[in-house]
Each structure stands twice: as structure tokens, then as C-alpha cells.
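Put chain B on the given structure of chain A with help from the hints.
Sequences listed follow chains A and B, in order. Per our numbering, the first sequence starts with residue 1, numbered consecutively. Per our numbering, the second sequence starts with residue 1001, numbered consecutively.
Hint data in this document are derived by calculation from the structure and do not stem from the laboratory. All residues carry an ideal CB built from backbone N, CA and C; glycine is no exception. Check the hints yourself; a few may be wrong.
Straight-line Cα separation of at most 20 Å, EDC-like style, residue types lysine to aspartate or glutamate; simulated pairs [stated by the list, open to error]: (1) B/K1105 x A/E11; (2) B/K1108 x A/E44; (3) B/K1042 x A/E11.
To be clear about the criterion: a stretch of chain B counts as covered by chain A if any three or more of its residues have a C-beta under 8 Å from a C-beta of chain A, and this derived list gives those stretches [as the list claims (entries may be wrong)]: (4) 1020-1026; (5) 1030-1043; (6) 1101-1113.
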Amino acid sequence: DAGVIQSPRHEVTEMGQEVTLRCKPISGHNSLFWYRQTMMRGLELLIYFNNNVPIDDSGMPEDRFSAKMPNASFSTLKIQPSEPRDSAVYFCASSFGLEGSYGYTFGSGTRLTVV
Amino acid sequence: QQQVKQSPQSLIVQKGGISIINCAYENTAFDYFPWYQQFPGKGPALLIAIRPDVSEKKEGRFTISFNKSAKQFSLHIMDSQPGDSATYFCAASYRGGSEKLVFGKGTKLTVNP
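Extracted from the complex, chain B is given alone in its bound form:
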């Protein structure tokens, strides 16, 4: 019940395309769903986050879609750029993020020029 399942493991997209990464969870007590971006040699950095009272959140080219009934959420990267090439992690937590985060296994995104 503590797991967050992430897919795909790797993704290759052409520049300008849409990248979509999916996550699913079991524990309905989770109430905070962030996405992290990690570049080689760096720690993960918070990209965007959503709470279950909304179905979508957009920040620039990044959008989280949230389906509470299906217990799924996804990250969409519009107009993908080579600089977006990184590993992306979804995560989930209780109490608005004040409790420990449970991370997905990560998706390595490569955006070809």
C-alpha cells in the first residue's frame, strides 16, 4: 500500500513532442503528489506538485493530471526540449507533504534534438 508505481522506465521523445509519464498508487490516505526532476550528478529537485482536490495543475510546459477515482496521476511535458532530458520521479505523501515521501522508481527521459 505504500508503493507508487511509475511507468515507463525510460522514454525517448523528439524535440517538440509531448512526454507523458504515469504513476499509480494504492493508499487513499496520500494527499500530496509531487514530481521531481533529477539531472546526472545532482539531487532530485521539486518540479511541480498537486493535491487531490484538483484534477489538473499547470506550470509552464509541465502539467500534472490527477484522477482520484483511478488513483493515478501523470506528468505531461509539452513541447519537450533536449534540456528536459533527465530522470523524473513521482512521489506521494500524507498530510500535505509534511510526512515522508514515497517515490516511484523513476523514468529516464531523453529528448532528441
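Chain A on its own, in the form it takes in the complex:
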């Protein structure tokens, strides 16, 4: 398996533009998580899905952020409009989601810079 695949790896955009981050989880995993990592705040959970259904989006910072999971093999995180304070590394992770599972598998992340 190729692991969790995120795209793009790097994104530089201007303030006010729409940004879409993409994630392909590991086949067979039924939970998907979006995290944001910054030096100041560490790893923050933004939203997670189980069986394609959003379970907890309490970490989504504001209405400018939205996430979708239209099927088991694809998820997007959208920021519209983007702001400089959104600059961070965004990680997607997936897991099998059952007790006894062996934790998350993270993608390599998307480094977002908003100028």
C-alpha cells in the first residue's frame, strides 16, 4: 500500500484565495482525520470522519474551513477565503478505527503558505 497520500505537498497562495487540500486514505481504513501543525499550537485536530460521516468538527477554526469525504477513498479540506494565519502544515491520517487498532497512519502533509 502506498500509505496515506496528500496533495499538493506545497501550496503558496495569496490571501483571499480558495485553497483545496486533498487526501487519499489507506484502502480499508474507515476513519479519516485532518490535523493542522504549527510551532505555536502543535498538532490540532480539525475534523474527523468515520465511514465517510463527519463525527467531530469542533476543531475547525471557523466557517472559512470546510471538509468533505464523498467516498471512502477521498477527502478534501477547503479554506475559503484563505488568510496568512492559516499558514501551517496540514496532515491527513487514517485508521482502521476499531479497538485494538494500531494507531493512525499519517500522510506526508501539505505545507500551506498564505501571503
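Frame of chain A, contents of chain B only:
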């Protein structure tokens, strides 16, 4: 109650030494405690995990010690190597890891040759 507090923020160890990173939690409902290792430019990767029914788990040079009464757990890296230089995150979750993970702030470990 959702927080996991991790210390130290950074750690410098000589090659061959022991690295120790500590974490504390408040929520007694947590029942799954993994450690993740992250290299620059990569996502965190699961290193080792423990459940509260055991006090210690060892995998190679990595050991988790768990103190349920104190609500603390720690990662020990024996015979630390320069290749262990990375950022380490402790985390906690409910229901054996099937629920969302709450991460500590991370510890940047540097092992000098």
C-alpha cells in the same frame, strides 16, 4: 481534561545515553497511549503504544512506562543514536484508539554523535 501535557520541550542527549520524555493526562477515560516519531518534512509515525492494563511495554530500544495512579506515562530511549533525532509526540485516546487522538506539544530530541 482533554489535554496531554508533555515535557521537556527539547532534549539534547549524547550518543549512547538514555532519552526520557514525560507526559501527563487528566482524563481517566483515556485508555490508549501511543507515541509518535516525526522527522522533518514527514508526518508523525507510530512508534509504540500502551494500554493501561500494563505498566511497561518494550520494543527494542524504546520503552513506555505507565503509571495509572499518577496519570503519567513516559518514553525511554535506551542507547540513543543520532538517527533517533526527531520530534516525539505522546498522545491519548478513548476506546482503544478508535476515537480521536489528543496529542502533546512534542519534544525535539537531538542526539549528538
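Outcome of the hint check:
With a C-alpha separation of about 25 Å, the suggested pairing of B/K1105 with A/E11 is violated against the 20 Å cut-off. Between B/K1108 and A/E44 the alpha-carbon distance is near 18 Å, which keeps this suggested pair within the 20 Å criterion. At roughly 16 Å between alpha-carbon atoms, B/K1042 and A/E11 fall within 20 Å of each other, so this suggested pair holds. Note: the segment 1020-1026 of chain B has 0 residues with beta-carbon separation from chain A under 8 Å; the three-residue rule is not met and the coverage is violated.
With 5 residues carrying a beta carbon less than 8 Å from a beta carbon of chain A, the segment 1030-1043 of chain B meets the three-residue requirement, and the given coverage holds. Counting residues of the segment 1101-1113 of chain B whose beta carbon lies closer than 8 Å to any beta carbon of chain A gives 6, which reaches the threshold of three, so the coverage claim holds.
The earlier numbered hints that this structure contradicts are 1, 4.
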